[in-house]
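**Student:** Respectively, the protein sequence lines represent chains A and B.
Sequential numbering from 155 applies to the first sequence in this note's numbering.
Sequential numbering from 155 applies to the second sequence in this note's numbering.
It should be emphasised that the hints constitute simulated quantities derived from the structure, not laboratory data.
Where hints are given, some of them may not hold.
No copy labels: a pair is met if it fits in one copy or bridges any two.
[To be verified] As a list, the in silico DSS-like pairs of lysine-lysine whose alpha-carbon atoms are at most 27 Å apart:
| # | residue 1 | residue 2 |
| --- | --- | --- |
| 1 | Lys272 | Lys199 |
| 2 | Lys332 | Lys263 |
| 3 | Lys479 | Lys450 |
| 4 | Lys272 | Lys479 |
| 5 | Lys479 | Lys199 |
| 6 | Lys332 | Lys272 |
| 7 | Lys272 | Lys450 |
Protein chains: 2
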Amino acid sequence: MSTSDIFQFEIQARDGKARAGLFQTPHGVLQTPVFAPVGTQATVKAVTPAQLSELGASLVLANTYHLYLRPGDQLVAEMGGLHSFMQWNGPLLTDSGGFQVFSLNEIRKVDDDGVTFKSHIDGSMHRFTPESSIAIQENLGADIIMAFDECAPPYDREYIQRAMQRTHAWAERCMAAKTRPDQALFGIVQGGVFADLRSESARFISSLGFPGHAIGGLSVGETKGEMNEMLEEVNEILPEDRPRYLMGVGSPEDLVNGVLRGVDIFDCVLPTRLARHQAAMTRTGRMNLMNAGYAKDPRPIDETCACYTCRTFTRAYLRHLIVAKEMLASTLVSIHNLHTLLQLMRDLRQAIFEGRLDTFAAEFLQQYTL
Amino acid sequence: MSTSDIFQFEIQARDGKARAGLFQTPHGVLQTPVFAPVGTQATVKAVTPAQLSELGASLVLANTYHLYLRPGDQLVAEMGGLHSFMQWNGPLLTDSGGFQVFSLNEIRKVDDDGVTFKSHIDGSMHRFTPESSIAIQENLGADIIMAFDECAPPYDREYIQRAMQRTHAWAERCMAAKTRPDQALFGIVQGGVFADLRSESARFISSLGFPGHAIGGLSVGETKGEMNEMLEEVNEILPEDRPRYLMGVGSPEDLVNGVLRGVDIFDCVLPTRLARHQAAMTRTGRMNLMNAGYAKDPRPIDETCACYTCRTFTRAYLRHLIVAKEMLASTLVSIHNLHTLLQLMRDLRQAIFEGRLDTFAAEFLQQYTL
Numbered sequence: 155m156s157t158s159d160i161f162q163f164e165i166q167a168r169d170g171k172a173r174a175g176l177f178q179t180p181h182g183v184l185q186t187p188v189f190a191p192v193g194t195q196a197t198v199k200a201v202t203p204a205q206l207s208e209l210g211a212s213l214v215l216a217n218t219y220h221l222y223l224r225p226g227d228q229l230v231a232e233m234g235g236l237h238s239f240m241q242w243n244g245p246l247l248t249d250s251g252g253f254q255v256f257s258l259n260e261i262r263k264v265d266d267d268g269v270t271f272k273s274h275i276d277g278s279m280h281r282f283t284p285e286s287s288i289a290i291q292e293n294l295g296a297d298i299i300m301a302f303d304e305c306a307p308p309y310d311r312e313y314i315q316r317a318m319q320r321t322h323a324w325a326e327r328c329m330a331a332k333t334r335p336d337q338a339l340f341g342i343v344q345g346g347v348f349a350d351l352r353s354e355s356a357r358f359i360s361s362l363g364f365p366g367h368a369i370g371g372l373s374v375g376e377t378k379g380e381m382n383e384m385l386e387e388v389n390e391i392l393p394e395d396r397p398r399y400l401m402g403v404g405s406p407e408d409l410v411n412g413v414l415r416g417v418d419i420f421d422c423v424l425p426t427r428l429a430r431h432q433a434a435m436t437r438t439g440r441m442n443l444m445n446a447g448y449a450k451d452p453r454p455i456d457e458t459c460a461c462y463t464c465r466t467f468t469r470a471y472l473r474h475l476i477v478a479k480e481m482l483a484s485t486l487v488s489i490h491n492l493h494t495l496l497q498l499m500r501d502l503r504q505a506i507f508e509g510r511l512d513t514f515a516a517e518f519l520q521q522y523t524l
Numbered sequence: 155m156s157t158s159d160i161f162q163f164e165i166q167a168r169d170g171k172a173r174a175g176l177f178q179t180p181h182g183v184l185q186t187p188v189f190a191p192v193g194t195q196a197t198v199k200a201v202t203p204a205q206l207s208e209l210g211a212s213l214v215l216a217n218t219y220h221l222y223l224r225p226g227d228q229l230v231a232e233m234g235g236l237h238s239f240m241q242w243n244g245p246l247l248t249d250s251g252g253f254q255v256f257s258l259n260e261i262r263k264v265d266d267d268g269v270t271f272k273s274h275i276d277g278s279m280h281r282f283t284p285e286s287s288i289a290i291q292e293n294l295g296a297d298i299i300m301a302f303d304e305c306a307p308p309y310d311r312e313y314i315q316r317a318m319q320r321t322h323a324w325a326e327r328c329m330a331a332k333t334r335p336d337q338a339l340f341g342i343v344q345g346g347v348f349a350d351l352r353s354e355s356a357r358f359i360s361s362l363g364f365p366g367h368a369i370g371g372l373s374v375g376e377t378k379g380e381m382n383e384m385l386e387e388v389n390e391i392l393p394e395d396r397p398r399y400l401m402g403v404g405s406p407e408d409l410v411n412g413v414l415r416g417v418d419i420f421d422c423v424l425p426t427r428l429a430r431h432q433a434a435m436t437r438t439g440r441m442n443l444m445n446a447g448y449a450k451d452p453r454p455i456d457e458t459c460a461c462y463t464c465r466t467f468t469r470a471y472l473r474h475l476i477v478a479k480e481m482l483a484s485t486l487v488s489i490h491n492l493h494t495l496l497q498l499m500r501d502l503r504q505a506i507f508e509g510r511l512d513t514f515a516a517e518f519l520q521q522y523t524l
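Taking the hints into account, I'd like the entire structure generated from these sequences.
**Tutor:** Here's what the structure looks like:
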């Protein structure tokens, strides 16, 4: 079967710019809009695959940069690929390594051919090119893989323009380098906070015929207003009949705003990272569970939440685990935070089917405290 | 109902000195011999209560010293007691705090009335007496609670004798202080590695009429041979019709040797502590999962093991998690190690019923590498 036969995207319902759809992958169907928990090093931190399944997670993201360095994509391939290695049997997505190289690495050298960078683990020197990024992602074997792109800071127009041109050239090289039909390669739109550059990038990337499109370089320091504006600009141009993926986003309000503007796929480390820093995500905002006011609080984190953590444990107990530096705190709060975002996505999808997304979003954003 | 009505101990089968029994508690029946995972700070480290239940754990131990200091026994009582606080709805056991005060605390002052010690958390001064230990354990509300004892190093006869006398006096005071009928208070036998002191202690403690007896001050630096000898000495004297609990033990070979000598209950931090130090426990010995030889090993930790970890993950993946310092490693190896000990206890129990404990134990010890 060809890639386009496998990765079919069907839009089931629309509500304004928003869409509810089904995206077929070799490891199952994604019900969009969908949020992907992040498993940077082939594990969603502190959560087992069994717990992820119980949460109703469908898509999981892993990071090419980290897995290339450790344990090595070759080793993952020898162990049967990433699905088998980490025992996540649902759909997987890998990023290209570009974002990590450009954001995590202090020492790097970019040229038109690729990027040379220093490992954060042992200081050894490495090089990514569009071709090597695809080769690594083919070794990892995720269902959705990403074109290698250059991420620039959001406001430096001259640098952004140069990085965008490079991203375009690299997108074509990634497409040419790809060999596996059972992986869908998504192109990435760049362009910072500049509407004209975003339009240009969306037009160019759309013209290449990718089975899906990603919007990169957002949620990297620009304002929420700028992000929303760029989403509107780009989604005017990206083809309706392919899934749209907003990379590295986000917070509950960003998910709502993204869905409202026609985004189908999201990923973010936020729920698990916040959990490791004692913050619980709820429908009304964040709670710092270290707060002394919770010491004897017999309520769950969120009385309306159906997750294992909220069905089982009190705020008082969770606060105790955090104060006592017990690992179980990270597990239990991660489960809750992931549930909050996954349930929000299910509710957004339902609201699209029922044609009441605007009302749902307005009510949500009204009660949500940043 | 009186304590003796609630906490009935029925011996179902004997094989040599070993016994298979049922011990009734307000939170369920223990099938003995039984191993109790340790949840020092009201959590078995890195494992959820749901995972513990799935493992078939029945009894869980929590530490009075730690919970008294944090979050405080008063707070636990206000939250409905330890079962409710940590959401372990099976039988719970708390130690008296004695062992921790004597082993963890550098600064302490013992007198005949009690012990003054310094908190390891904030350096504040505290005092335990037999009466306060019982009051704290009544606040915590475990099913089985322990008399406050003085633990001496195993070879200092003079100190051991003095500590034993104090332990005896304190046992009587604990019994007098106890008020809750829904808790079984166990007396503790001390006496170091000296057979005559152990006998004296076992006789005295037995004479007080506790519903169960513990053997303390072992596995604290003496040899395995000395431990086994003391167990034989003490179990000759402790009444047959009450459960016997060997505190802080142990390793697989210690469990086998203890059961052979008539012990019914064990607890130890070993399985979860080893798991956090990348060591897997198996029926044949320990494996250091960091070993480079496991980097591409597609086998589970133990091909004969039925735990979630072994049913799901390779050694290669577990090694990767450990090398990458991922919390999930602690969870998955803890699950495996706990399963190894819990399954060993189930197998020992079955061997007693089938009258083949000697063969089982001999085969086990023959193939087990220390």
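**Student:** Give a verdict on every hint.
**Tutor:** Going through the hints against the structure:
Taking the shortest Cα distances, Lys272 and Lys199 sit within 27 Å of each other inside one copy (24 Å), while across copies they are farther apart (36 Å). Taking the shortest alpha-carbon separations for Lys332 and Lys263, only the intra-copy value of 24 Å comes in at or below 27 Å, while the best inter-copy value is 72 Å. For a Cα distance limit of 27 Å, the shortest separation of Lys479 from Lys450 inside one copy, 18 Å, qualifies, whereas the shortest one across copies, 33 Å, does not. Taking identical chains as interchangeable, the C-alpha atoms of Lys272 and Lys479 lie at most 27 Å apart only when they sit on different chains, with a minimum of 20 Å there against 33 Å within one chain.
Within a single copy, Lys479 and Lys199 get their C-alpha atoms as close as 16 Å, and across copies as close as 10 Å, so both meet the 27 Å cut-off. Only within a single protomer do Lys332 and Lys272 lie at most 27 Å apart by alpha-carbon distance; the minimum there is 26 Å, versus 64 Å between protomers. For the identical chains of this complex, Lys272 and Lys450 are inter-copy neighbours only, at 25 Å across copies versus 48 Å inside a copy, given an alpha-carbon limit of 27 Å.
In this structure, none of the earlier numbered hints is contradicted; all agree with it.
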